[in-house]
Amino acid sequence: MLALEARDLTVSARIGEATVPAIRGLSFALAPGKILGLVGESGAGKTMIGRAIAQLLPAGFAITAGSLLFEGEDLLTMTAARRRALLGRAIAFIPQAPMTALNPVLTIGAQFDEHLSRLGLKSRKERRDRAVAVLTAARLPHADDLLTQYPHQLSGGMCQRVLIALAFAGNPRLIIADEPTTALDVTMHPPILRLVAEMQRQHGTAVIFITHDLRLAAQLCDDVIVMYAGRAVESGPARTVFAMPAHPYTRCLQLANPAMSAERRTLYVLPDQMPGLMQLAHIAGCHFAPRCPLVTAECRREEPAQIVVAPSHTAACIRAAATASICATGGEFNVPAASAAPLLRVENLSKHFITSRGPFSRAHNVAAVKDVSFTIAENEFVALVGESGSGKSTVAKLLVGLEQPSSGRIVFDGADLTAPSLRRRAWRAGSLQMVFQDPQSALNPRRRIASIVTQAMEAGSRPASMEERLKRTKELLAEVGLPADIAARLPGQLSGGQRQRVNIARALCRVPKVLVADEIVSGLDVSIQAQLLNLLARLRLELGFAMLFISHDLSVVRQLCSRVLVMYRGEIVEEGPVEKVFGNPQHPHTQALLSSVPPDEADKEWPLLQAN
Amino acid sequence: MLAIVAKLVARRLLAAIPILLVVSALLFCVLRLLPVDPAAMSLPTTATIAEIEAKRREMGLDRPLPEQYVIWLSDALHGNFGRSIQFGREAGSLVAATLPATIQLAGAAMVLAAIFGLGGGLLLFHLRGTWFEAVADFVSILLLSIPEFLWGLILLFVFGVALQVLPFTGAVSPNLPQPHVTGFLLIDALLVGRLDVFASACRHLILPALALGLAFSPAIMRVLRSSLFDVYHEDYIQQARLRGLPERQILLGHALKNAALPTLTLAGVQFGILFSGTLLVEVIYSYPGMGNLMVDAVRNADLPLIQAIGLTYCVAVLLINTVVDSLYVVLNPKLRVG
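Taken in sequence, the protein lines are chains B and P. Residues in the first sequence are numbered from 1 upward in steps of one, following my numbering. Residues in the second sequence are numbered from 613 upward in steps of one, following my numbering.
None of these hints come from the bench; they were simulated from the model. Warning: the hint list may mix true and false statements.
Unchecked claim - Short derived list, chain P residues pointing at chain B, Cβ under 7 Å: (1) Arg624; (2) Lys667; (3) Gln851; (4) His866.
Stated by the list, open to error - Some chain P residues near chain B, calculated using beta-carbon distances under 7 Å: (5) His845; (6) Asp847; (7) Tyr848; (8) Arg853; (9) Leu854; (10) Gly856; (11) Arg860; (12) Lys869; (13) Pro945.
For every residue, glycine included, the Cβ atom is placed at its ideal position computed from N, Cα and C.
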């Protein structure tokens, strides 16, 4: 009997008067002990499927057609009590954001106790022993102590292990894991994924694994379904889909993802973005047609049926045969030679934070950045990589003057930026600019885009006139590839990718010599990320600027930068040309970072995922 | 955890010193600006100007104001607030005699406010998305706009005058004796074994405590409800549902504890105001507490007594805030564990 089977599942959303399907005609079959990957960008409807299984859809969404059979029993028609009895026992969930998925005011022990007593363990001692056993199985040392601790005392990776232990505690037959590593540091990805895979093998559990990363799905899953705008556009054995994508969207996604081993090339750019629920109603025929490089008139006529391209490999595309012909255009990736003379020189930079809790506690001195030295040449893109908390963002803030260094010097174009003087600061703003991580909070929600991107023109003795600013806005928006009519809008009316472009445009307003970019593509979908990476490469050719590119994503770093600095616990532990450092990493932390990226090739094993 | 609470209390008490200094200085200066002459008031109306002058010198009123303040402060620090002009007794001992009654009233009112606030908040939250929600919302806003003295009058007329089911003057029936051991009437009645006195005191406490409790619970109610709404958007609530926990257990076992934290912050402020709110309610119910004493003192421009009571109110509010903040530390593990 199948663990889970979906037959023509349709989830609809009520938006105003209209009913728009968020998931359309989804069918799949998941056998016991198998892993099914649901792959797609945000908004594709992946998460909605997990929610549909628990019947906990967001307000306004409802399942309007089809059936969802758990071991032959329809989850949609069974009573709420029966369904609740299955949840936590036969069906369990591993969440996306482990830090917020545990109740902050209850100890880990209390949360286990509650769950295990629901599972029917009568005595307190029994429940405690069981909790210790499952926590130990989840490779959490000192499980005894852990039970008395609160979630905020644990790291993100530990929280996720606790949640995985909770999920497997009831010996479930089905687990839904929704991007279980996305919120964690890259070095935590392989161990967490390995844990899920191990537990899955031991318990013989069927798993639905939701992810945006096709590479990862290829390594972990038996089968994958690629979702686009609420529809399964391709499905088949994971490695086959990865090696020979049959749907143009899958192929484009792959080409948009920067490679770790292959030659550097211009990333394939899918135009625009995935249509939102409201736009879907206005697209006739194949929903991917507006962005598809293979589109023909026939595609726009009617929605394509699932076509079998190989045994158990289907794609919803009438042009599937031509998919392999799609390739990235734009020729080779052009990296201008960096001049030898350093433009920015950072010498023995340190930053200590003093945390004091009032007159009764001793002040703690925390070193966020320890004795960091590096240089950036004109037109050079230098990457700064490391885990969260390694001090990357502090370096960025020190460079642009948002924090003052405890010691050390920042020499820019021969001038010492650490010398305190207001004029220097204004001058620094003109030549060093920062692009912030979160485009949402980096833009003042009450300002029009035109006023945001030309913010820099408000400074100085003579503020620019409105005409000057509007003229500059037009130029900047054109440079970052945004339509001119955006100038009059507010940030809230833009998409995430558009906001990040506005963010970049703002930093470019006075054509800085150095751009400090702090994880500017980390929250974005692959296709949007490719657009931005290509944009930065093009802008460098057109305008000429250097960049310190802070990131945890090594494939992005490899795509964009020529030199890399690896930061670990406030220190730079390794540096050098990207090809050299990535090809032959010396420091254990660099090695750990590198091995946490799943391989590009389908036939290559990911050693970290294998059981040891 | 005890160490952290002790640290917090110590820090609060230290911070209270400058606050009390400022409040006492304000009290002192403002009262001296009043067009009343304590010397003249403490003498019979037949006193001559020379006698008043002599009295002024005796009371130290001829010295510069800052010097008078320092003298008064150092006396106050020794527990000597001066002699009440109207009663001729130590102001400090007058406060000490009435303070227990006020604490008893405020304490009962806080318990009622907490119960109504908690229950009402849960009820409001429970009614979300139903037809009753709008009604409950309207009622809670209506309640929010009724101040404690208005409740006092409403309850007095309904239950005291119209229905005549509850007494509404004094702390205990006048024909019963008032035992005096600790000063807290309810406790003393039990200590001497007079259950009839205890019952009567309880009945007398109901209306004033209810007036205060009703006035101060709606804000708690509404904050609890909106905190619950916020908490229900958190991942761990969704995750508890996905583990199959019943809704009641999610509400009481997971959401309520989290929602209690912001609610507690507000309750601290509310209880501070509640304590000063006892003043008007005591007057309405002729309740023999500090509030009635204060009104007497103000009416007779009894400066030493006003100062003593004013400072006592200030200390009480600071203490209540300290207690509530300590409770916050106890409930919030992020503050409790290093």
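Tell me, in ascending order, the numbers of any earlier hints that this structure violates. Hint check: 1, 2, 5, 11 fail, others pass.
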